[in-house]
Each structure stands twice: as C-alpha cells, then as structure tokens.
Amino acid sequence: MRRDPRDLVRYTAGQRAVHWIVGISFILLGMSGLALFHPAFYPFSLLFGGGAWTRILHPIIGVVMALAFVVMVIRFTRYNLMRRVDWQWIGRIGEMVNGSDETMPAQGKYNGGQKLLFWLLLICMLLLIPSGVVLWRAYFDFPVEWVRWAAVVHSATAVVMICLIFVHVYAAIWVTGTIRAMWYGTVTRAWAKQHHRTWYEEVTKP
Amino acid sequence: MALQSLDIQARSATTTAVPGVRETLDVAKLIDISKCIGCKACQVACMQWNDLQGEIGHNHGDYQNPRDLNDTTWTLMRFYEVEPEPDRLEWLIRKDGCMHCADPGCLAACPAPGAIVRYSNGIVDFHQEHCIGCGYCITGCPFDIPRLSKKDEKAYKCTLCSDRVAVGLAPACVKTCPTGAITFGGKDEMIRHAETRVADLRERGFVKAGLYDPPGVGGTHVMYVLQHADRPELYGLPKDPTISPLVELWKGAAKPLAIATMALVGLASLFHYVTKGPNAVSREIEKETEHEEEEQA
Amino acid sequence: MTNHWVDIKNADLVLIMGGNAAEAHPCGFKWVTEAKAHRKARLVVVDPRFTRSAAVADYYAPIRAGSDIAFLAGLINYLLSHDRIHHEYVRNYTDFSFLVKTDFAFEDGLYSGYDAETHKYDRSTWGYQLGEDGYVVTDPTLQDPRCVYQLMKAHYARYTPEMVEGICGTPRDAFLKVCEMIAETSAPDRAMTIMYALGWTQHSQGSQIIRTGAMVQLLLGNIGKPGGGMNALRGHSNIQGLTDLGLLSNLLPGYMTLPGEKEQDFTAYLEKRSPKPLRPGQMSYWQNYPKFFVSTMKAWFGDAATADNDWGYHWLPKLDKTHDILQVFEDMNAGRMNGYICQGFNPLASAPCKIKVSGALSKLKYLVVIDPLATETSEFWQNHGEYNAVDPTRIATEVFRLPSTCFAEEDGSLVNSGRWLQWHWKAANPPGEARNDQEIIAGIFLKLRELYRTDGGAFPDPILNLAWRYKQPHSPAPDELAREFSGRALADVTDPKDATKVLVKKGEQLNGFAELRDDGSTACGCWIFAGAWSEKGNLMARRDNSDPYGIGQTLDWAFAWPANRRVLYNRASCDPAGKPYDPSRMLVAWDGLSGRWSGSDIPDFKADSNPADGMGPFIMNPEGVARFFARDMMADGPFPEHYEPLESPLAKNPMHPDNPLARSNPAARVFEGDRENFGKPDRFPYVATTYRLTEHFHYWTKHCRSNAVVQPEQFVEIGEALGAELGIRSGDPVRVRSQRGFIVAVAVVTKRLRSFVLDGQPVHTVGIPIHWGFTGVARNGYLANTLTPFVGDANTQTPEFKSFLVNVEKIQRVV
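Chains as they are written, first to last, in numbering that gives the first Met the number 0: chain Z, 0 to 205; chain X, 0 to 296; chain F, 0 to 814.
Just so you know, the hints here were simulated from the structure itself, not pulled from any lab data.
Subject to a maximum C-alpha distance of 25 Å in a straight line, what follows is the list of computed BS3-like cross-link-like pairs (lysine-lysine):
#1 F:K535 with F:K605
#2 F:K119 with F:K317
#3 X:K286 with Z:K204
#4 F:K504 with F:K535
#5 X:K207 with F:K750
#6 X:K207 with F:K176
#7 F:K470 with F:K505
#8 F:K119 with F:K320
#9 X:K174 with F:K425
#10 F:K470 with F:K446
#11 X:K286 with Z:K108
#12 X:K207 with F:K39
#13 F:K100 with F:K271
#14 F:K496 with F:K290
#15 F:K176 with F:K152
#16 F:K261 with F:K271
#17 F:K470 with F:K535
#18 F:K275 with F:K100
Label pairs and their calculated CB-CB ranges:
#19 X:V17 with Z:T102: 56 to 62 Å
#20 X:V17 with F:F406: 44 to 50 Å
#21 X:Q52 with F:A457: 53 to 59 Å
#22 X:E82 with F:P316: 54 to 60 Å
#23 F:L502 with X:Q52: 56 to 62 Å
#24 X:Q52 with F:I238: 30 to 36 Å
#25 X:R201 with F:P659: 50 to 56 Å
Quantities reported herein were computed from a predicted structural model and do not represent experimental measurements.
Where is the CB? At the ideal position from N, CA and C, for every residue including glycine.
My request is simple: use the sequences and hints to build the entire structure.
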C-alpha cells in the first residue's frame, strides 16, 4: 500500500487507539467468554493460562473494554445520529449486499448500516456490562435469581454482539480499502468518494 | 476429590460419553427428620473427616451455627420453629446439604470440564483441582448448596463422602448419627426403609408424612422423611424443585443455537465474498479522482 | 439406672422429665428411637422448655421449673383415684400393707419432728409399727387407716388436676393427657421407662422428686421390668463409677457409708448397717455388710488390717457432718480450710454462686489443680476483664497446675449409666508433661508417706499402713487397680455348705461378691465390682454383643455391676408364682424342674428361692419389698411433698399458703449467711433454669474447635411473650441479673419457652445454657454459676441450679 499525501484523514491516532483497545478486548472477551460458555470453545481458556485465569481475566478485560467503549461512545455518537438518508440506505440494503452500491444514496462519514451497528453495539454493551457485574462472583453476591437472568442475558447478548462484530469485520474486509482507515487513519479519495460521498465532499470542500 | 474407584457417569462441560460399562449400585442417604434430634454430630463428623476448620462465629439469636453453609460447612442443621396447626408447636430440625440430584443443576451449569462429576452410584462430586471458581454451580443449584471459598476461590459442598463410599464405608455423618436418623444404602432399599418410617409416622397422626425425593431434578440421592411432606417449605425445602428454566435455557438450547447463529453469520460472509467478490472502488471513481488530482496539479 | 441403655428399646412408653435425653445423652437416646421405631413406643416429654427431646416427642407438656413433685403427686393421685395401678405388684412387692407408727404425722406441710431452729427433722416417728416378733405389722386388706396405702392415698388426694395446674402451670388438658398415657402402662404387659437427669436432681428437693417418680413406677409395676425402671442418665462419662467407688465425702466404695463421729465402736457400726429382715423369709442382703467392709479394709491396708485392730476401722475418718462441696467452700470461706486439691473438677464454674467460690479460693494458701485443661478454677486469680474481674494483687493463693491425661490417653474402665464397666484402651500419647492421674496421686502419696515416716505427724497410721503393692510404685497400672477393686482370695475360700470344697484358691481373683468373707481371707476394693476381673480375665473388656433373647440382654458385653446383672430387681418382672408378666420380654423366670431362676439376665434374687417361700424381689431392703413410705431414710420426709424452690415467683406454697415454714423445703441445705441472699420476686421476677446444650460437654469442649464452631457464643433463651414485653428481639444483647451477680449474653427469643399464669400473675422462664467461661477457644463468656444460689438438696446437698430468680434487661452494648 502506498501512502499518498492527498489521502483523506478518517481517524486520528487517538480514535484508532481506542478502537483497537475495544477491538482487542472484544476478541479476548469473546474467546474467554466462549470458553466459559460452551465446552467446544474451552480450549480457548489455554490462551489465558487455564480455566481459572480465564474466569479471573474475563471480567477485568470486560472493565477495560467497557471504559474504552465509553470513550468511543463519547467521541462517535455525534457522527452516528440517524438521519432520513440513513434509513433510506438501510431500506435499500439488499442492493448494497448485492455489491451494486453505485446507486445507493450518498453517505456521510458513516452509512446507515454503520450507524445502526453503532447503536446495536451500544445496546449490547448496556446489557453486557450490568449482567457481567451480576455474574462476577469474586466481588459481588447477588440473589441467585438475578444471577440466572444475568447469565441468560449476558450470553445471549454476547452472541448477538459477536455476530454484529462478524458483520463489522467482514464489511471492512469486503469493502476494499477500508481496513487501512483503522491502521493508518487515512483512506483514498476514491474510496471516500465511492462509499461516503457526502463526507468526501465535506472534507474536500475548499 | 478425584477417585479412580468410582466410575464417572456424567462430567461437567463434556459432550461425549464417559466410561459406563460397570454397573454400580445407586446409593442414597435417607434423613429421617422425625428421628433427628439436632445434635450436630453430623456437622462435626463432616468437619473432622474432611479436615475442615471452620470459623468460630457468633450466636445470631438461634441454634443454627455456623450461620449458613460455607466452604468449611458442607452440612448444617437448620432449625425451624413452626406451628403447622394452631397451638401445636413443632421444632423441625433439618440437616441441610447437597441433595445429590440425579439431574444436577450444578453439573449442567459448570463450564469447567470435569470439575463436577456424577459417579455411576449417583454421587455428585466437585473436583476442586478442575474448578475455575466461576460459581455457575451456585446458579445451577435449585437447593442453594454450593459455596465459593474466599480462601481459594473454589466451590465446595458435601461429597456424600465419595472417598468413604468408594471403599465401602458409609458417609461420616451417617456413621456418627447417634439416633439412626441418617441411614445410607442402595436407593431402592432406602425408599423401602422410608416407607416403613412413613407408615410409622402416619400411625402417630402425621397423616401427610412422606418421602422427599423430588422428581423435578430426577430424584435425589439424599432424601428426607418429612412429617409434613405436603409442606416441604416448613423445612426450608423447595416444594417442587427443578433446574431453573433460565439455567436450562442458558445451558441447554442457547448453546447449539449460539453456535449455529455464529456459524451462519461466518459462513454467510464467506459465501458472500465468494459469490460477490470484494467491493472495490469502481474504475470510474478511480478515474474521476485521478482526474481531479491532475486538475489540481 | 435400674435398667440399662439398650433396655430402653423394650419400653412401650418413655417419659423424659427432669432431663433432656436427646440433647444431653444423644447416643443413649438412640434406644428411644429404637423403641419408637420397633415397639411403636410413645415418647412423652414434660419440661419447662420445648427441648430437642420434645422435638421428637409424641406429646409435650410444659411445666414450671421446680414444680415436678406437684406434677408427679397429681399423677399418683390420678392413678390411685382412677384405679390405674398394678394391683398384684403393689400388694406383693411394695409396703402398701405395712402399718406406720401412730405418732407419725403430717400437718400443714411439716412432718412430725421438725425443729424450726436447726431446720432439721427428728425422724424417730417415721417408721413402721413393729410386732413382738420384730417384724412389721401389716394389714393385707389395706383397710387400716395407718397402712401405707391409706396414708399415701390421703396424702396425695390433695393434688387435684386443678392444684397441679395452679402450681405447675401445666394446662389441665395436657396434664390429664399425660396421666392417661402413663396409666396405660399399669397393664402387666406394658412398660414405661422414666429417663431423668440433673433436671430432677439439681433442686432443693431433688431426691424427693426422684422418689416421687419411683413411686409412680412402683404403682404401675414398672420397676424390675424390661423397658421399665428409673433411669438416671449420668452426665459425665464415669460419674457412675465415681459414686460406685465412694468418692462422695460420706461414702465408702460400693455404697457403704463412712462412720459418724459417734460411731467409735466397730461392732455397733457393722450392726447398724446389717439390718435384720423386717418381714419373715426376707433376704436383707445388706446383712453381708461386714464381708464387704472387711474385704475393702484388706484391699486398702493389706496385712496391717487384722481382726485385732478391727481391720483398720479406727484409721477411717469419723464424720462430724457431711463435707460435701457446699460445705467445703463454706469452710474455705470461713478460713477453716486452707489447702485444696482439685482433681478433674472445675468448681469455679460448677459450684453455685461464683463470687462465693472465688472468694473462698482466694483465702487458700495453696490450690492444686489436676486437669488436662486450663480450667477457670486454675485461673480464678487472673483478671479476664468483665468475665473474671478479680484483682490478682489481692489474691495470695499459690496455684499449682498438674497437667493430667484425658480418657483417650490412658487405659482403664468407665462405668456408664447402665452400670456397665467398659474397658477402654489408650488411643494416643499425652502431650507435653501430662501424666495420668494415678501417677500424680502416687507421686503425692509417696512423698507424703516419706514425710510421715521421717517427720511423724498427728496421725500417721492410715498413711503408713496403706498397702501399696504396685509393680511401679510411682505409677500404679490400670489393670493392677482393676484387679484390686475386683478382689482376690488371700486364703483358700471354701463353700459355706461344704468346707472341703474350695471355691477360689489362695491368690486367685474372685468370681463375685458371694465369695467375700468377713474373716480377712478376701480383699476387694469395691464389693459391687467383684468379679469384673476374675480368673477368666478382664470381663470389662468383653465385646460380644450377641443377644440370644433379642431384647438387648448382651451378657457377654463388658461387665455390669452387680454380678453382671443388667436389670435390677428383675424378680419383679414375674408374678408371685415366678411367671414373667410379659413372656415375650422375659428377663428371668422360675424353672420348677431345675429349682432355679434363670433367663436372659442374672437373677437379682436368691437363685434357688422357690416362689412359694415368699421372698420379696427387693432383696437389698430388709422389708423384701419396695418402699412408698421412706421411713427415716430421707432427711425431708417419708412421702414427697411439693415445696417451692428457695427462690420462687410465688409468695406462698399453694399447698400450704398459711405456713411460711413450709414455703420451701424445710430441711434444705442452707448456710446461715446465705439465707438472706435469696432474691425476691419483686426485684427478680423471672424463673431461671440452667442447662446443657448438645454441642458442648460442660466446660470442657469450649476448648475444642469443632464444638466451638457449632456453638460459639453464650446465649440465654426467653419466650416470645417476655421478649415482646421487654422489647428484646433474637440476637439482642441482654443482661441477666440475680441476687448474686449478672451475666451478659445474646438473647434467643423463642416460641419454645411458654409463659404460665399462676395465681393470676404471668410467670416467665429464662433459660441459661452453662457452657461458657473465660478459658478455651469458644468466645469468652460469663460463668452461668455467677447467678445460681448457694443452696442444696436436703439429702444429697446437690445445688439448686434448675430453679432460681433473675431479672432480664436489654442492653445497648454489642457483645
């Protein structure tokens, strides 16, 4: 990949750092969580130093992710407010999936799908954090019925979130030229023009 | 406590079959509350056999000590002053501890392979060396039995003296019970013994006497003879215990469903990529931007 | 126990009163559950508290602490007035028909002969009418107004159900229900056992309570029967052995008695204790007293005891008065006793009125404590804050603590409540410098003897003449001591009927007390134990539990005194013709063919006495029968009568409201200085009773972690009514105060303590478990005997721990 001084800055270093803190935490949480969720994934626990370490580390990583996520929310909420055009985009998602995005409405910094993902992830976190605290027996002792509810909520939400992140990651892979935004912070003008034309126009306006 | 002399019949977080060729006697402990005098000898025997040095606590205004089950108290006498009928006081004293369910909620909930096992004789045992300290067993238990230790973050509960039973001895509490309120043997034999006890109690006017062997958890390997079997809640026992539907969902349907969902999303992405290919910037726009660059240059 | 633990499984009805067998004797209580499970026996509990025994009872009746005689007397009245007694039994086996002296009287609560100055009775009028032949005059028709039956009937007719309710607080229905259940056992083939313990003994009239219970059992024909009897549950392992071996201050081994100071004449001493039969054809087994006594003297003094020196009789102390535990501390307090050796005893905790005991110990020159544990007594001089607030600088007593072994660290025998001598084996070595009690005592003895030898002394004879023939003089072995108390022949012992037949050769162990002689040819340290270690070996170590008759008569398990007999008075289980009242539970029966008594037990009878000869089954009594009328044997009256405890919520004895002398036991053991120290109900309105919990053993197990875990902290129990009245909830700290001091403890507010309404006033009970103190690993607490009064039973001097007055207040401080 070639750097070009004309590339557009999409993410600052700080934003990328927060994203990757969340991202790495999520991967660790996903693996350790799955290890505790289903025996098929128990071998993941070896990556954390065994079952007990997995149990000890999972909630601590969870705290890290939660804090980083809060920062993200503070920084990104304003870019993710849903507008009419976003709903139009979502309404025509089928075309997008089909790969024919030329005809899709012009998008700002984020398209409707990305915004929707943002809000869905936020909902997931709002469910995961309190339910995780309830499950954290090393420090908390909640009524057992709460813990049972928490277990169901936490695992179901986690699965949903994993699927959302799958989509998020896949979208980044599928849409060529996207991943570099989170590596270097920049995208090509062509990429911006094709996928986020409104944003492109905003940032290139003299 | 890991043992070679008992076959393991079910093992936590394990999805394949365990060795099950040997046919062992289904054992059971029968606690006859009508014979129990609340002497706590079973509590002391349990502490001594299992080398448990509990804390010297406080009196909290009743006879129950320690206050609750804990990591060093695997069995506890619970005292209930009740009046099943007006002006008829009864002091019901129940030895609380693991019920050794045929369908153990703790085992179902446990994520650590082999940390909870059910032996082929029915004993449900915790193997602390595999325990990861998550406390899911507590969540799974319909009887509120397992306790996490603050000292080592492992879960503990009555083992039904699996180490003694494996070598043909009765559990320590049974051995020490001075009145014969606790008996131990084959489950069928214990049920037959219970029937004679129930008949005796009915003859004494406890018309609702009966055996507590709740079917909701597949029956238990610790059973009670109750004077008031129609009202187990008088003894602090759940009336119709089952593994919580939430736990069933969490540890049952949710697991395959989750894997299927995640696999589906993954596979869908893969097939999408294979069929649609990458979404690259179109030639036109690339040219457009190149053109712009030239213009600006 | 007249019977034994296993025999309780033969009962049809079990009455637990004055005890809490499930709580205090959980292992023995197993036999109650056996009786319930296999004989459909019913269990009745009568107690001020709904105890752990009551928890498994078929019927529970509440009673005010200290009113047991009224309850039992009402029961006697019920049985007599409803004719629910075992007629054949009482006519043939009791003194029903005996005529009582005409000048014996009972008026307004006092028996004839009372001296209000000394608080004692002259008992000379308390006797039978004797005929010219020296035998008691009887009236078999039972019509004579002076016969025991008629006197007794009149005496107890006053105890109506209304009176019982008024004294005991027991609801009339509950009382009558208990009466009805008990009356069922008057049938010849039904048996009731009575299990009692300190709840009956620790009263100012404890002996009389027990006698009343025994009278009930006699009326029902339940003494001598399997599943029957009067069964005292002993609180300490081997406390039975203690009394058997005569360790009470007025006893010699085997329930022989020390002479009084007026009994300087040896022959008169023996004669008084060897009563001639009071009825024709009776055995009066105590006539053998000289054999028992001389054999004991030979065991003690060996060759030094000869006919010429009256077998060492003059080396025995002659009592001026009883030197019981209350007297000992009275003497210490008065400066009359200045040294004390305290072996296996923790009087600061166990004796009444801690402040008096503490003061008494503080006046000693020296105190020796022999104990495996650091007891409160051994640390009485140390300040333990609020729990023992003494000033050590003001106590000059020098304390020596000699650590001893505990039971598991030594071989030996223990006598259980059922009179079984069971050998036990050492399981572990003692820690540190601990030595067994024999070594410690031998060490003291050998040193004393040396001092007497070299320095002389006021009266060295008993010490210098004591036989000390142990292989290691500094450490007599348990088997040597056991052989010694079992007895051996010092010369060939021959059959009295045939002098050529040698029963035991010189030097051999005796087979039983029938072989004892009064000519110095036998030595036996405790006649009732004779035969426990015979030439067959150590019978106490037998462990064969075969039960050929299936009624728990395991004669090859250990050894029971006397003569391996398991049920005392077992002749009374048969009708006068010698046929068992219940053949399915046969103890003994007369076998006409062999001309002997035999069965599942050793007959407590002359083995070849034909029933036609009319010998009574109570062979130890000169009457040959059991006594309802105690003659002059009790200090406080021949018939038990209800008196209020010394501290009572009632101003008057409801039986004798107009006679203040008869408010409490007129002959109770009270020292002058203490008489003023009794609390009055205006300041101390609640009845307190002390007791034990199953989790602890006296003041010992608070030193043991497991016990401390399951019962960690001192508490007192109060009923919900009192709790509501005083605003006390479970878990609150409270102060319980008596005339003598106070304790602070956690309140347990419970439904199990009911309140009574007596004489229009509510009467509340406060329950005080005793087990805490200021040594050990359990949480420190106050000694319960801080509260108890210094008063004793008229006969046994046992302190009145079961009924006294306190006040209760809620306090703010967290304990």
